[in-house]
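Those sequence lines, one after another, are chains A and B.
Here the first sequence stands for residues 1 to 80, where the numbers follow the numbering used here.
Here the second sequence stands for residues 81 to 486, where the numbers follow the numbering used here.
Worth flagging that the hints you see were computed from the coordinates, not collected in a lab.
Some hints here could point you the wrong way.
[Said to hold, decoys possible] Straight-line Cα separation of at most 35 Å, DSBU-like style, residue types lysine-lysine; simulated pairs:
| id | chain 1 | residue 1 | chain 2 | residue 2 |
| --- | --- | --- | --- | --- |
| 1 | A | K66 | B | K296 |
| 2 | A | K9 | A | K64 |
| 3 | A | K9 | B | K139 |
| 4 | B | K199 | A | K32 |
| 5 | A | K9 | B | K204 |
| 6 | A | K64 | B | K139 |
| 7 | B | K204 | A | K66 |
| 8 | B | K403 | B | K111 |
| 9 | B | K484 | B | K296 |
| 10 | A | K66 | B | K121 |
| 11 | A | K9 | B | K199 |
| 12 | B | K139 | A | K32 |
| 13 | A | K80 | B | K204 |
| 14 | B | K139 | A | K66 |
| 15 | B | K111 | A | K64 |
| 16 | B | K231 | A | K30 |
| 17 | B | K231 | B | K139 |
| 18 | A | K64 | B | K433 |
[Unchecked claim] A few chain B residues that don't get close to chain A, going by computed Cβ distances all over 10 Å:
| id | residue |
| --- | --- |
| 19 | D122 |
| 20 | D176 |
| 21 | R328 |
| 22 | A451 |
[Said to hold, decoys possible] One side of the interface only, derived from the structure: several residues of chain B facing chain A at Cβ under 8 Å:
| id | residue |
| --- | --- |
| 23 | R144 |
| 24 | N145 |
| 25 | Q148 |
| 26 | F203 |
| 27 | A205 |
| 28 | A208 |
| 29 | G210 |
| 30 | S211 |
| 31 | Q373 |
Fair warning: this is a prediction, and the values are worked out from it, not measured in the lab.
Beta carbons: idealized from backbone N, C-alpha and C, even for Gly.
Single-letter residue listing:
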Amino acid sequence: MAREDIIAKVNEMLAEEFEVEQSTLLPDAKLKETLNLDSLSFVDLIALIQQTYDINIPVEDLPKVKTFNDLYDYIESRLK
Amino acid sequence: MEHRVVVTGMGIWSCLGQTLDDVRDSLYNGKSGIIFSQERKDAGFRSALCANIPRPDLKPFISRNMRQFMPEEAQYAYMATRQALENARIDQDFIDANEVGIIYGNDSVAEATMNALDKFRQFKATSACGSGAIFQSMNSTVTMNLACLFKLRGINLTASGACASGSHSIGMASLLIRNGLQSCVVCGGAQEANMYSVASFDAIQAFSTREDAPTKACRPFDRDRDGLVPGGGAATVILESYEHAVKRGAPILAEIVSWGFSGNGDHISTPNVAGPARSLELCLLNGGIDIHQIGYINAHATSSHAGDGREALAIAKVFGDYKAPVTSTKSQTGHEMWMAGASEIIYSILMMKNGFIAGNINFENPDEDTACINVVPDTIEQHFDMFLSNSFGFGGTNSSLIVKNL
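Bound-form chain A, shown alone:
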């Protein structure tokens, strides 16, 4: 899957799920602040990515996913 397709799909999905404007989802923005995530709702983000791309995300991978770019990178690497 092309990176631009991942970005488009992820942004659309996250904007809808977390009720924010897509225009606020900038590549270097922090996921937690932008999507208003706490430790509980971060689980929803992980679940959404797992279900959409049918990948299992181990807990130890989470610390490296902080920005939207990190998330796109992570999904891209897992789909290769």
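Model the placement of chain B on the given structure of chain A, informed by the hints.
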């Protein structure tokens, strides 16, 4: 010192309406909230009858992250409680400055539990359940959600007493207030109305199959009744000590005079006569009430063959020759189960405050058991100042409340 317990606010989300005025009018006009659901038929239900309850939109009131914790019944309960607090003239400043508790009836979270575990099994990862699943799938989901949303700092407890849950919640809250342990308690009952919540109930052939005439299907006490119709929603009443209510200038609607309860200690689904009769007797005894003071009886009667007959015999056993008017509002709402004990207190108070008794719709002929009581088939204009409300549940749990006009 014992405190008198009064009702200062009511709120409801029901198939008869989502405001007290609409519900009052529906009761008066004998409106039925029952429909045929093609979705249930297609899914494999033996009986596809159910109550028609709109889903509330909570987006204007509650953030996304908090809504994640709320299953259907908590959403209904939130709307009913907002309304009840407003009705009682209790705002957030008051709650922040005073200890307000919550005891609410709920006895299932079927759809939320099913959805979470389906995802777990599908994706073979517990994280697939999402953040809300644990909070949605606990039986105390209504009280945990409402206590956090309204910042309640008093008693925080769920009453799970099958179809008497709502009534038990009011009874227990009234005891705490009467004994001075709480001054103000939010109580009520909530019932999920999705088909998954009652699929197993349909399995034991408890539901009416009169699918060609949905509004005629629920017919408590009638000779030709053939089972109940599942309903749902939520109902909230605000209870306070009389002194507390007077001190803050609250609207005082009615008084919870007494609570009676009992267990059948018998069959898991088939009720008997002795258990319910003891609940009624204890309620009258606890309140020091003579049967002739009871101007109306809101029966538990669900439209089941055995249950209605035995409740009629229990009422006749306790009330003897005094034929107090009896109706079951379930004829209009279907069986609101965990919610019913609370919603039926609201229905009865609305009747009491507006001088009428809503007819037990679809009651055409008694049978040999139900002929012993005075079932009112059509709405009548009638003043009364005290009523008795019965709620009974699986496992033989019985609860009765006596409420007085103020």
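Going through the hints against the structure:
1. In summary, the hint linking A/K66 to B/K296 is not supported, as the alpha carbons are separated by about 59 Å, beyond the 35 Å threshold.
2. With a C-alpha separation of about 21 Å, the suggested pairing of A/K9 with A/K64 holds against the 35 Å cut-off.
3. A distance of roughly 24 Å separates the Cα atoms of A/K9 and B/K139; the hinted pair therefore holds under the 35 Å criterion.
4. Taken as a hint, the B/K199 and A/K32 pair is honoured in the structure, with Cα atoms around 24 Å apart against an allowance of 35 Å.
5. A distance of roughly 23 Å separates the Cα atoms of A/K9 and B/K204; the hinted pair therefore holds under the 35 Å criterion.
6. Taking the CA atoms of A/K64 and B/K139, the gap is near 32 Å; set against the 35 Å cutoff, the hint holds.
7. At roughly 25 Å between alpha-carbon atoms, B/K204 and A/K66 fall within 35 Å of each other, so this suggested pair holds.
8. Restraint check for B/K403 and B/K111: satisfied, since their Cα atoms lie roughly 26 Å apart, inside the 35 Å limit.
9. For the given pair, B/K484 sits about 32 Å from B/K296 by alpha-carbon distance, which is consistent with the 35 Å threshold.
10. Note on A/K66 and B/K121: the hinted pairing is violated, with a Cα-Cα distance of about 47 Å set against a maximum of 35 Å.
11. Between A/K9 and B/K199 the CA atoms are separated by roughly 21 Å; this keeps the pair inside 35 Å, and the hint holds.
12. A hinted pair counts as satisfied when its Cα atoms are at most 35 Å apart, and B/K139 with A/K32 qualifies at roughly 21 Å.
13. The suggested pairing of A/K80 with B/K204 holds, with an alpha-carbon distance near 21 Å, which does not exceed 35 Å.
14. For the hint pairing B/K139 with A/K66, the CA-to-CA distance comes to about 28 Å; that is within 35 Å, so the pair holds.
15. Between the alpha carbons of B/K111 and A/K64 the distance comes to roughly 59 Å, so the proposed pair goes past 35 Å and is violated.
16. With a CA separation close to 30 Å, the supplied pair B/K231 and A/K30 stays within the 35 Å bound.
17. Simply put, B/K231 and B/K139 have alpha-carbon atoms about 19 Å apart, close enough for the 35 Å limit, and the pair holds.
18. For the proposed pair A/K64 and B/K433, the alpha carbon gap of about 63 Å is over 35 Å, so the pair is violated.
19. The beta carbon of B/D122 sits about 26 Å from the closest Cβ of chain A, which is more than 10 Å, so the claim that it is off the interface holds.
20. Its beta-carbon lying about 23 Å from the closest one in chain A, B/D176 satisfies the requirement of being farther than 10 Å from that chain.
21. With a least CB separation of 35 Å from chain A, B/R328 remains clear of the 10 Å interface cut-off, as annotated.
22. The non-interface label for B/A451 is consistent with chain A: the shortest C-beta to C-beta separation is roughly 57 Å, beyond 10 Å.
23. Interface restraint check for B/R144: the shortest CB-CB distance to chain A comes to about 5 Å, inside 8 Å, so the restraint holds.
24. Checking B/N145 against chain A: minimum C-beta separation of about 5 Å stays under 8 Å; hint holds.
25. At about 7 Å, the closest approach between the beta carbon of B/Q148 and any beta carbon in chain A falls short of 8 Å, and the interface hint on this residue holds.
26. The interface hint given for B/F203 holds, since its Cβ lies 6 Å from the closest Cβ of chain A, which is under the 8 Å cut-off.
27. Hint on B/A205 holds. Least Cβ distance to chain A is approximately 6 Å, under the 8 Å limit.
28. Interface restraint check: B/A208 against chain A, minimum CB-CB distance 5 Å, threshold 8 Å, status holds.
29. Interface restraint check: B/G210 against chain A, minimum CB-CB distance 5 Å, threshold 8 Å, status holds.
30. Given hint, B/S211 at the interface with chain A, holds; its Cβ is 4 Å from that chain's nearest Cβ, closer than 8 Å.
31. Hint on B/Q373 is violated. Least Cβ distance to chain A is approximately 52 Å, over the 8 Å limit.
The structure fails to meet hints 1, 10, 15, 18, 31 from the earlier list, while all remaining hints are met.
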